[in-house]
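The whole structure should be built from the sequences, with the hints applied where relevant.
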Amino acid sequence: MNAMPGIFAAATGADSLLERWPILFRDTVAGFFPAPLQWLVGSLISILAIVAIFGGVFAALTLLERKMLGRVQNRPGPNRTGPFGLLQPIADGIKMLTKEDIVPRSADHLLHFLAPVALLAFSILTFAVIPFGRNLVPLELDAAVLYFFAAGAATELAIFMAGWASRNKFSLLAAMRALAQLISYELPLLLSFVPIIMLAGTLSMTGIIDQQAGWNFGFIPKWYIFTPWGFAAFAIFLVAALAESNRSPFDLPEAESELIAGHLTEYSGFKYALFFMAEYFGMIALSGMAITLFLGGWRAPLPFLEFIPSYLWFGAKLLGLLLLFIWIRGTFPRLRMDQLTRLAWKFLVPLALFNLGTAAFWSLTSGWSGPLQLARWGVAIALVVVPFVLLGRGLSRGVAPRTYRFA
Amino acid sequence: MILTPLHLCLLLSSALFCIGLIGALSRSSSILVLLGVELMLNAANLNFIAFWRYGPNPAAGTGVLFVLFSIAVAAAEAAVGLALVIAIYRHQRSIRLQDARRLKG
Amino acid sequence: MTGLLIIALVTLVPAAVAMALRNVIHSALLLILSWAGIAAFYFWAGAEFLAFSQVLVYVGAISMVVLFAVLLTRHTRTDGGVAPDTLGRALAGLLIGGAVLGVLFGAVLSTPLPIGSKPAAAVTVHGLGVELMERHTIALLVVGVLLTVALLGAVVLAASDSRSGPEDAR
Amino acid sequence: MLGSGLLQGLKVTAKNIAGSFHDPERLVTVEYPEQKTKLPENYRNFPFLVSENATDPMGTLRCVACQICEKECPPQCIYIEKSKDKKPDAAGKMQVYPAVFDIDTSVCMSCQICVEVCPFEAIKMDQVFEIATTDRFNALLLDRNQLAKPNSYYHQIHPTEAAEVDGRLLAERKAAEEKAKAAAAAAAAKAAAAAAAPKPVATPTATAGAPGAVAATVSVAKPATPPAAAPVSATPPAAAPAASPAQNAPASDGKAAP
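Protein chains in written order, with the numbering used here: chain S, 1 to 407; chain F, 1001 to 1105; chain B, 2001 to 2170; chain D, 3001 to 3258.
A couple of the hints might just be wrong.
Taking lysine to aspartate or glutamate and the DMTMM-like style, the derived pairs with C-alpha atoms no more than 25 Å apart in a straight line are [unchecked claim]: (1) D:3082 <-> D:3056; (2) D:3149 <-> D:3104; (3) D:3011 <-> S:251; (4) D:3015 <-> D:3031; (5) S:169 <-> S:100; (6) D:3082 <-> D:3070; (7) D:3084 <-> D:3104; (8) D:3038 <-> D:3178; (9) D:3149 <-> D:3166; (10) D:3082 <-> D:3102; (11) D:3015 <-> D:3041; (12) D:3087 <-> D:3056; (13) D:3011 <-> S:100; (14) S:95 <-> D:3031; (15) S:67 <-> D:3104; (16) D:3149 <-> D:3102; (17) D:3084 <-> D:3121; (18) S:67 <-> D:3102; (19) S:67 <-> D:3031; (20) D:3181 <-> D:3166; (21) S:346 <-> F:1099; (22) D:3082 <-> D:3116; (23) D:3015 <-> S:100; (24) S:67 <-> S:256; (25) S:67 <-> D:3085; (26) D:3036 <-> D:3025; (27) D:3038 <-> D:3164.
Sample of chain F residues facing chain B (criterion: CB under 10 Å; computed from the structure) [as the list claims (entries may be wrong)]: (28) 1018; (29) 1028; (30) 1063.
Just so you know, the hints here were simulated from the structure itself, not pulled from any lab data.
The beta carbon of each residue, even a glycine, is placed where N, CA and C say it ideally should be.
In structure tokens, the structure reads:
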């Protein structure tokens, strides 16, 4: 298999021990087994590490989210279970595990059972290609970016299965919304990182991170977000990622005020928890993707900070992005279905296409230097801002001084 | 006669093609007919890959490119086909092919 | 070889069952499994890029469109109303399909197929990109135009004639 | 420009996130079981029986077991048994008292009709809300021991209303006293006149059960002790003549919770 070299990426000697220990640990444990089994044991260790670490991150994230949302609303958040409420995830887990598992009588039993399992499986699959550290790529693929989105695309399918199998009109509506949302937002999501692939010249995650190595002027990292087109692409990616992971303000498939709990209406107990877990895993995976594509992956933001192990930088960036997601959830109200699709088709897709042009311009003018460099920046910024303003005007036409007829 | 992997691949693709064909011919739901056609297209793609994989000159990658274009065409076909299904449904309130007799002219 | 057999099983059985089922949603979901099996075949054959494209396009996009179409065209009449000519059609389809299957199998089995001396080296994404951009540029452009036209055509076909949306559509 | 509103919103929530850490004033919630907010004065649910004296609630209930509330109660959650004997009320008059007064709070809907119909200001709305219990039959059926709460508690929870009620009661008792005095004076004058022209008149004297004002209007043949002679005051300890413990004894009926 092609995956073999990725699993056995050799730790280069130049790194510090702190940097290398996960790989060393895995190789040492795998070394105890006979050679034909070594790749299997190595993969199993990687899988276990991912599931354990991100399971823990999920548990911490549920608490963090509730705490942050509380702070957004000037509340302290959960603080009863254990010191500062730190044991809340455990209490939640026990509650979920001990709840009764209810399946509606007229439901499609097989699909009803399969949906949460498939959803969780697909969202864990996406972790396989994310570089968590300098050598910590579970699966080194040539077309890793494509793999990521192929695995991610299947998650909405599971949501559809859940909605349809429940035999509940709210669930079915949620399923249709999920489909419409996926179809709408797959496009800007894919288009937003095409410039990255254009500029990096590779679909491999490590290749993209390698392209972001180095510093401008000695201290500004050469991350893609610090270019005009990269920033625009990041913004589009962020919006589309919010929609893909069904996060507020795009949580229409599970809009509580309209659809009870959407596709989760007929789920209870541990199946419900699986859905919850999958949603958070999806969020974490998309954040990891954004970090890899735009934020330099596991690279340190400043040259003198490079002594800190790369996986800690990845974790810090991940935490930052997750906090941003929670912050956004606490701030914005939910969009309506037509607004959602309008935003995707009339704003994000054209903007992403324009951004493609900007990136092409950037790539063509890479030889410019001196004062031309300034002109390059100016033109690129203009190419980003002008379509944004114009499209934004089109999007918000007739909205600005809003009249409320029934208020 | 010796059964090479290429033979197996071709048998697989022909079996898939026939399943698609039977589905497309015998089902009356236009969506299922469309899906049958998709299956036949996929069977053809399988052949491209099989011949690319075991053919004399695999380095060219022509088979892969062919399948890539074929997938793109299949996507377009599915989109237009299902749009047609929806348009027919709007007129007939049914997606059964037997009900769409007015297309005869 | 066992890999190929498993893939054949995963591809053919769901496809056959899907074509026989009454429930269109079940058919569509089973076909997704079948398409995923085909993607696995591509992966097995070393066309990694193609496998992911297959999953992305078929599992991610076409299945969605199919399911959406099924939901939008839900039958008000009973789904299982057997039309009088159904049996005949099914028989004819089976006969024709069986005949084609026989012909194809016979042809495949009776043909000595030369096997390349060495199995194909997996084509890299980079090589694929170079091929697309150099030798097949025209085809790429044509496919792009085709997709755009198909998109517009689908929108025109599926869009309803009446323009009566909600009044405060914004 | 598009997005400026979004940034504004983000700014507001960011201020909340940061502000709630260093400025406790921003926190809108209280840590409930430990801290409690003061309930608004007009908050009311579930009735209680007003007693004049905190030390002897059963002896100083204002309720005279007239059973109006029992009849008016829409969900019929009140059950009253009149006592056989009488004992002096706050004004010192001999009154019937409730031997049994139960309210089923699982039925009560806090409609306040019992309060509105009570002519004696004896039943008032409470402010309890922590009424959860593990025993849904006996623990929710409150007897008169649990219902009786002193007037000072009433002042505490509804100060304005309680002051008004007390004022009204005071005024009523004053008026009754005045009338009694006037009646006494009139009776004395009559007696003097009768003494001048001895012509004995037989008048019924059964007045103990009726309110004092009514009693005072009846011309009494022998005005030995006027009913409203006791000092009238809003402060219960001064007002209430000590009730005999013997009268209290039958009050502890079988339903009284241990």
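Going through the earlier hints one by one, which of them does the structure break, listed in rising order? 8, 11, 13, 15, 18, 21, 23, 25
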